[in-house]
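Here is what each chain is made of, one letter per residue.
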Amino acid sequence: DTAVSQTPKYLVTQMGNDKSIKCEQNLGHDTMYWYKQDSKKFLKIMFSYNNKELIINETVPNRFSPKSPDKAHLNLHINSLELGDSAVYFCASSQDRGLAGEQYFGPGTRLTVT
Amino acid sequence: RKEVEQDPGPFNVPEGATVAFNCTYSNSASQSFFWYRQDCRKEPKLLMSVYSSGNEDGRFTAQLNRASQYISLLIRDSKLSDSATYLCAVNPTNFGNEKLTFGTGTRLTIIP
Chain A
350 DTAVSQTPKY LVTQMGNDKS IKCEQNLGHD TMYWYKQDSK KFLKIMFSYN
400 NKELIINETV PNRFSPKSPD KAHLNLHINS LELGDSAVYF CASSQDRGLA
450 GEQYFGPGTR LTVT
Chain B
8 RKEVEQDPGP FNVPEGATVA FNCTYSNSAS QSFFWYRQDC RKEPKLLMSV
58 YSSGNEDGRF TAQLNRASQY ISLLIRDSKL SDSATYLCAV NPTNFGNEKL
108 TFGTGTRLTI IP
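Keeping their order, the protein sequence lines are chains A and B. Take any residue in the first sequence, count from 1 to its spot, add 349: that is its number in this note's numbering. Take any residue in the second sequence, count from 1 to its spot, add 7: that is its number in this note's numbering.
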C-alpha cells in the first residue's frame with residue numbers, strides 16, 4: 350500500500366482555470382505538508398497542517414487554498430491558474446509537528462499551465 | 008544569502024570512488040539537519056538525519072559543523088544506484104511548528 354498518495358499525477362490545464370490536487374496518507378501521521386518544486390528543482394514549503402489545523406502558511410498567493418477534511422487528507426485547490434504555477438507539487442507527512450525532519454513524500458503532481 | 012545552499016554539481020564520479028559534498032546554512036539557531044535523496048522525476052526520500060556527533064549508515068557518513076554552519080555527506084565505494092540528487096534540509100526551529108528548508112540539491116552521477 351502506498352504510504353502517501355496524490356491524485357492526479359499529471360495535470361495539464363489552461364490559464365484561468367481552477368484545479369484541485371488531492372493527497373492522502375495511511376501512515377497515521379498528524380502533520381501534512383504541501384511543497385512546490387519549480388523547474389530549477391527548488392523545493393519550497395507552502396502549507397502545513399497538524400491534525401486538520403493550519404500551522405504554516407508560507408507567503409503563498411491566496412489563489413492557493415489548502416483544505417484538510419481529516420488528518421489523513423490534505424487537498425490543494427488553486428484558483429485562476431497562472432503560467433508561473435507550473436511545477437511539481439508534492440504532498441508530505443510527518444508523525445507530528447515536532448518531527449518535521451522525517452517526512453514522507455507523495456509521488457508528486459506535475460502541473461502544466463498553458 | 009540563501010537560507011540553505013548547496014553546490015548544484017553535477018558531480019560525475021567513477022564507480023567505487025568516494026565523493027563528498029557540503030551544504031551551508033545561514034541561520035545559526037538551526038536545530039536539526041537532514042539529507043534527502045531524490046531520483047529523477049521521483050519524490051524526495053529521507054536518506055539520513057545529521058547528528059551533532061556525526062553519524063554513519065553503511066557507506067554514507069553525515070557530519071555537522073556548527074562553527075562553520077555546514078553539513079556534509081560522504082559516500083564511500085559509490086554504486087551506480089547512488090546516482091541521484093541529494094538535498095540537504097534544515098529545520099530552523101526547536102519547538103512549535105517545525106518545518107524544513109531545503110537546498111536546491113547536488114546532482115550526483117556515478118559513471119561505470
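Each hint should be verified, as a subset may be incorrect.
Unchecked claim - If you want the footprint, here are the derived chain B segments under chain A, 3+ residues with CB under 8 Å:
| no. | region |
| --- | --- |
| 1 | 24-35 |
| 2 | 52-58 |
| 3 | 67-78 |
What the hints assert, rightly or not - Subject to a maximum C-alpha distance of 27 Å in a straight line, what follows is the list of computed DSS-like cross-link-like pairs (lysine-lysine):
| no. | chain 1 | residue 1 | chain 2 | residue 2 |
| --- | --- | --- | --- | --- |
| 4 | B | Lys86 | A | Lys368 |
| 5 | A | Lys416 | B | Lys52 |
| 6 | A | Lys401 | B | Lys9 |
| 7 | A | Lys389 | B | Lys52 |
| 8 | A | Lys368 | B | Lys9 |
| 9 | A | Lys416 | B | Lys9 |
| 10 | A | Lys358 | A | Lys393 |
| 11 | B | Lys52 | A | Lys385 |
| 12 | A | Lys358 | B | Lys49 |
| 13 | B | Lys86 | B | Lys52 |
| 14 | B | Lys52 | A | Lys358 |
| 15 | A | Lys371 | A | Lys385 |
| 16 | A | Lys420 | B | Lys86 |
| 17 | B | Lys86 | A | Lys371 |
| 18 | B | Lys86 | B | Lys49 |
Read the hints as simulated data drawn from the structure, not as lab findings. The structure displayed is predicted, hence computed values, not measured ones. Glycine included, every Cβ here is placed at the ideal spot set by N, Cα and C.
Q.
Hints numbered earlier in the text: which of these fail when held up against the supplied structure?
A. 1, 3, 4, 6, 8, 9, 16 and 17
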